[in-house]
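> Using the sequences and the hints, build the whole thing.
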Amino acid sequence: MKKLIAGAGAVAAALLATPATTPAMAQGKTITLCWAAWDPANALVELSKDFTAKSGVNMKFEFVPWPNFADRMLNELNSKGKLCDLIIGDSQWIGGSAENGHYVKLNEFFDKNGIKMSDFMSATVTGYSEWPKGTPNYWALPAMGDALGWTYRKDWFARPDLQAAFKAKYNRDLAAPKTQSELKDIAEFFQGREIDGKKVYGAAIFTERGSEGITMGVNNALYPFGFEYQDPKKPYAMDGFVNSADAIKGLEFYKALYKCCTPPGYTDAYMQEGLDAFKSGQVAMQMNWFAFFPGLAKDEKVGGDRIGFFVNPGEKTKGSQLGGQGLSVVAYSNNKNEALEYIKWFAQPDVQKKWWSLGGYSAAKSVLEDPNFPKTAPFAGDFLVAMGQVKDFWAEPSYAQLLLAMQKRVHDYVVADRGTAKEALDALIADWKKVFKDDGKL
Amino acid sequence: MNGTLPPKSLAERAALATPPTVAMRVRGLSDRAVAWIFIAPTIVLLLAINIFPLIWTIQLSFTNYRANRPNAPVRNVGIDNYHSILTDPDIWAAMQATAHFVFWTIVLQTVIGFTLAWLIDRKFRGHGFWTTIILIPMMLSPAVVGNFWRFLYQPQIGGFNYFVSFFTGLPPSSFEMIGSVKLAPWAIVVVDTWMWTPYVMLICLAGLRSIPDYIYEAAEVDRASPLRQFWSITLPMALPFIMLAVLFRGIENFKMFDMVNLLTSGGPGSTTEVASITLKREAFEKWRTGFSSAFAIILFVTVFGLANIYVKALNRVKQR
Amino acid sequence: MTGITTAHSVVEPGARSRRIAAAVVVVYAVLTMLPLVWIFMTSLKTPPDSISYPPKIVFQPTLEGYCNLFTTRSRQTAEYIRSLPPPSGFCEQIARDRNMVVVSASNYAPRFVNSLIIAFGSTFCAVTLGTLAAYGFSRFKVPLADDLLFFILSTRMMPPIAVAIPIYLMYRELGLSDTKLGMILLYTAVNVSLAVWLLKGFIDEIPREYEEAAMIDGYTRLQSFRKVVLPQAATGIAATAIFCLIFAWNEYAFAVLLTSGDAQTAPPFIPIIIGEGGQDWPAVAAGTTLFLIPILVFTVLLRKHLLRGITFGAVRK
Chain A
1 MKKLIAGAGA
11 VAAALLATPA
21 TTPAMAQGKT
31 ITLCWAAWDP
41 ANALVELSKD
51 FTAKSGVNMK
61 FEFVPWPNFA
71 DRMLNELNSK
81 GKLCDLIIGD
91 SQWIGGSAEN
101 GHYVKLNEFF
111 DKNGIKMSDF
121 MSATVTGYSE
131 WPKGTPNYWA
141 LPAMGDALGW
151 TYRKDWFARP
161 DLQAAFKAKY
171 NRDLAAPKTQ
181 SELKDIAEFF
191 QGREIDGKKV
201 YGAAIFTERG
211 SEGITMGVNN
221 ALYPFGFEYQ
231 DPKKPYAMDG
241 FVNSADAIKG
251 LEFYKALYKC
261 CTPPGYTDAY
271 MQEGLDAFKS
281 GQVAMQMNWF
291 AFFPGLAKDE
301 KVGGDRIGFF
311 VNPGEKTKGS
321 QLGGQGLSVV
331 AYSNNKNEAL
341 EYIKWFAQPD
351 VQKKWWSLGG
361 YSAAKSVLED
371 PNFPKTAPFA
381 GDFLVAMGQV
391 KDFWAEPSYA
401 QLLLAMQKRV
411 HDYVVADRGT
421 AKEALDALIA
431 DWKKVFKDDG
441 KL
Chain D
1 MNGTLPPKSL
11 AERAALATPP
21 TVAMRVRGLS
31 DRAVAWIFIA
41 PTIVLLLAIN
51 IFPLIWTIQL
61 SFTNYRANRP
71 NAPVRNVGID
81 NYHSILTDPD
91 IWAAMQATAH
101 FVFWTIVLQT
111 VIGFTLAWLI
121 DRKFRGHGFW
131 TTIILIPMML
141 SPAVVGNFWR
151 FLYQPQIGGF
161 NYFVSFFTGL
171 PPSSFEMIGS
181 VKLAPWAIVV
191 VDTWMWTPYV
201 MLICLAGLRS
211 IPDYIYEAAE
221 VDRASPLRQF
231 WSITLPMALP
241 FIMLAVLFRG
251 IENFKMFDMV
261 NLLTSGGPGS
271 TTEVASITLK
281 REAFEKWRTG
291 FSSAFAIILF
301 VTVFGLANIY
311 VKALNRVKQR
Chain F
1 MTGITTAHSV
11 VEPGARSRRI
21 AAAVVVVYAV
31 LTMLPLVWIF
41 MTSLKTPPDS
51 ISYPPKIVFQ
61 PTLEGYCNLF
71 TTRSRQTAEY
81 IRSLPPPSGF
91 CEQIARDRNM
101 VVVSASNYAP
111 RFVNSLIIAF
121 GSTFCAVTLG
131 TLAAYGFSRF
141 KVPLADDLLF
151 FILSTRMMPP
161 IAVAIPIYLM
171 YRELGLSDTK
181 LGMILLYTAV
191 NVSLAVWLLK
201 GFIDEIPREY
211 EEAAMIDGYT
221 RLQSFRKVVL
231 PQAATGIAAT
241 AIFCLIFAWN
251 EYAFAVLLTS
261 GDAQTAPPFI
271 PIIIGEGGQD
281 WPAVAAGTTL
291 FLIPILVFTV
301 LLRKHLLRGI
311 TFGAVRK
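Chains as they are written, first to last, in my numbering: chain A, 1 to 442; chain D, 1 to 320; chain F, 1 to 317.
Take the hints with a grain of salt, since some may be wrong.
[Claimed, not checked] Each pair of labels, with its calculated beta carbon distance range:
#, chain 1, residue 1, chain 2, residue 2, range
1, D, Pro41, A, Ala331, 32 to 40 Å
2, A, Lys199, D, Ile55, 56 to 64 Å
3, A, Asn372, F, Phe90, 38 to 46 Å
4, F, Val58, D, Asn315, 55 to 63 Å
5, A, Gln348, D, Pro73, 42 to 50 Å
6, A, Asp173, F, Val58, 39 to 47 Å
7, D, Val107, A, Lys199, 32 to 40 Å
8, D, Thr302, F, Ala314, 19 to 27 Å
9, A, Asp231, D, Pro73, 26 to 34 Å
10, D, Asn71, A, Lys259, 42 to 50 Å
11, D, Ser225, F, Thr235, 39 to 47 Å
[To be verified] Derived lysine-lysine pairs resembling DSSO-like cross-links, with alpha carbons at most 27 Å apart:
#, chain 1, residue 1, chain 2, residue 2
12, A, Lys82, F, Lys180
13, A, Lys82, A, Lys199
14, A, Lys298, A, Lys375
15, A, Lys298, F, Lys180
Calculated from the structure, these hints are not laboratory results. Since the structure is predicted, the reported quantities are computational estimates derived from the model, not experimental observations. Even glycine gets a Cβ: it sits at the ideal position worked out from N, Cα and C.
Pasting the structure below:
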């Protein structure tokens, strides 16, 4: 009987072309949500059980680890695949996905359902939803705020013997660094030191070659040193910005940090390797996405009192690499109504609140602007600071080409010891110019 | 399977089993018709899934088409793609990485494989069992196993460095197989050699067993030393087999993608970026479909050309 | 591997040289198995044990890796876990002990099933087509037979990524992206060249006289093919089938580029099994172990025909 009703419902939906506001919810229907395979995704599975209970729509999940996520999902979208009904896509994809019609435009749906972008933190709306940037054209609901931050071993930093040794050497207290240079001092201080009979290392940073790892890590150093993607007054004019003296200093700094203070074998490391290094007690500090901090804070070995967090330190200026994703409906899906219903459910303030409590980073102001928010987790306050100073990589439709070029140039320089920082950035500008020329933007 | 056919009983059974009309109708099929009915499906499938796409690739290789921009205008760019590939230093670097990989895997696999075959040919007790054990790696999925070698190569937690340090005394974390620019090209050679030496061994073994005993007997009569026998009988007679093994390994490793992709994904930097990985990046990450089609054609022509030259050489050796 | 035992009179190797040969071969065989043993051992470790340094040789075996392979879990606070009903199974208990909750079954089982369907489906098609074509080439004068045979073989020389570019576009137009049918068709096309070459060798070895005798006795061509040739070629067909099966089972490049979920096979999935944060090596090892076992069995079954299979029938012994 249930099946019959479901069938009738589906037929009715098809015949009436039901508007999104009153979706014909077919009992027992299943929709698939695609995202990266990481801690927050598993928390989302737990959260989504409420949606299934309320709507009767079953949820299936396809999670792909970060190093393969972009390749796999863009491949899927480009092949007009029907695997994903909903996709939590990375911020840089928004340009291509909007222009090539992979995502459903959500403005009308938002208006009808009273979902207002002003209810979400503005950095996330710009970063995850808008294309073209700065215009009210929305292709996603900000789902997961994120930025690069740092964790450190609070218990090691608090040891009196290490405190004294550090003070003797650097003439200041051993504490979370305020600048990039301080960060390097601390990393050097820990590098090779014996702690509890184990040799430890300074910092785990990103050096991954295959997807986006080293670019994200390098950017996190370039921004505070004063790197700019383009002339603020003249779009796509990159000479003197991408390869400015500040940018060169930033890139040289990152290489120096990599050379002095990372664990052995750290040539192809991204978030997973960083987590492994930190959790197995190999490193004093770790660069990683805020997304992992809830899990780390609960970790049996290094969590609790043993872990501390800090925002990416400034140098000449301030800046953090933006992460995070928006929730979009795939244009090729056969279940758009149910998918939209999921977004409607997800945008509710109480769902957003539970999302945060389970380990997801809500972008809703109702959660973030709650006066108690900074007290809800040891990294909550830092998260707000970080989100206030984020910068993102290109979100152009050609972002993948721009990214691959940067991956190659900076990995060749930082890890494979090829050429100088200036040569790497000059070559990068040449690569990027070629891409923009092909796109007719230069 | 070697039972001989008892024609009478078969004919009787056939007569009983076949209704006359059907038999007549089927008999009506000429041999020629049967031949075409049998061969046609295969040819059709290959035309649809191999030849048609190949022609399409050739056509695409003269355009600037991009599979991720279905709405963008497609322009005919003539031989621009070919020109920019052949003058691109990154592509030449990839070809060099491929050449290094192909050359050294072939050398190592041939030397080790032939030695093993030569030893197994002594037919000691249990050689059948041990041969089967040695053969196992080549049957496994290069992707799944290559992925696991990434773990074995971890300097601190993997087994490989400890194994080396056990024999050489080097501290295990003093070298990084997939991390260092110097060692990474060898890391992929090691894994490929581990996997595919048995392949060469098996073919060499067949070669050694194909040498008739009377030749050795004659050599004994002539008082040829064992070394001399090896150089003037064993090696030359097994050579066509060795060359065949080299041909197959050469083609396979020129195409190498899965194991290297999972082990190093071309890194560090672009040190182990073999041709197939570059092609994958161009085609499925940058989505420069036209450009990568041209590269695909160049690779295909290269394999095909080299293989043809090699087969000619092989035939000459065989005829000697 | 046994081969023909010819009477080695003069050239019989001495006992000492045999013993040395045996020793070297056995040492090599043991070395070659070490990585596989390591995979199996890792599959029985706990995640912390698997990444401890130096690596543990002696450890308390556990099935956690296999549990993790089939589930996805989320780390939660103690208060949240206390609010849930008690664990309902072995794997859930293990997860709770680590302050985690099992949130759903993982995708490994469906991917494994996809592998089975696609491997067996494409093998069946490739062997059927291959047997027919091989018979055609073996028994009839086909115009341009040598060219056709070489053409069939040359399709194996293309790098798979190069083949995947147009196939990707073609499947996108036909709606075959990420479908089992699409993968079966593709693997059939790749395998059919192997099947034709191998089976032609096997069928060439069956004396024509058998069929001719049968046809004189009133069999039609098709009947004699079915009742005489097929039974005679059964071993060859079985060996060919296993080779096709192994190829389809192990294939990675096409699978990773042309499938994303519904038709994805195990090889592109196993490397992306990750646990909390880092790669969950015990789960990866468990997935690898389960994936390799069928191949181990087939290798043993096939050992007499291996040589022929890997050389496209060029070496028959």
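> Please go over all the hints and tell whether each is borne out by the structure.
Results for each hint:
| no. | hint | in the structure |
| --- | --- | --- |
| 1 | Pro41(D) - Ala331(A): 32 to 40 Å | holds, 38 Å |
| 2 | Lys199(A) - Ile55(D): 56 to 64 Å | holds, 60 Å |
| 3 | Asn372(A) - Phe90(F): 38 to 46 Å | holds, 40 Å |
| 4 | Val58(F) - Asn315(D): 55 to 63 Å | holds, 56 Å |
| 5 | Gln348(A) - Pro73(D): 42 to 50 Å | holds, 44 Å |
| 6 | Asp173(A) - Val58(F): 39 to 47 Å | holds, 44 Å |
| 7 | Val107(D) - Lys199(A): 32 to 40 Å | holds, 38 Å |
| 8 | Thr302(D) - Ala314(F): 19 to 27 Å | holds, 22 Å |
| 9 | Asp231(A) - Pro73(D): 26 to 34 Å | holds, 29 Å |
| 10 | Asn71(D) - Lys259(A): 42 to 50 Å | holds, 46 Å |
| 11 | Ser225(D) - Thr235(F): 39 to 47 Å | holds, 43 Å |
| 12 | Lys82(A) - Lys180(F) | holds, 14 Å |
| 13 | Lys82(A) - Lys199(A) | violated, 50 Å |
| 14 | Lys298(A) - Lys375(A) | holds, 16 Å |
| 15 | Lys298(A) - Lys180(F) | violated, 41 Å |
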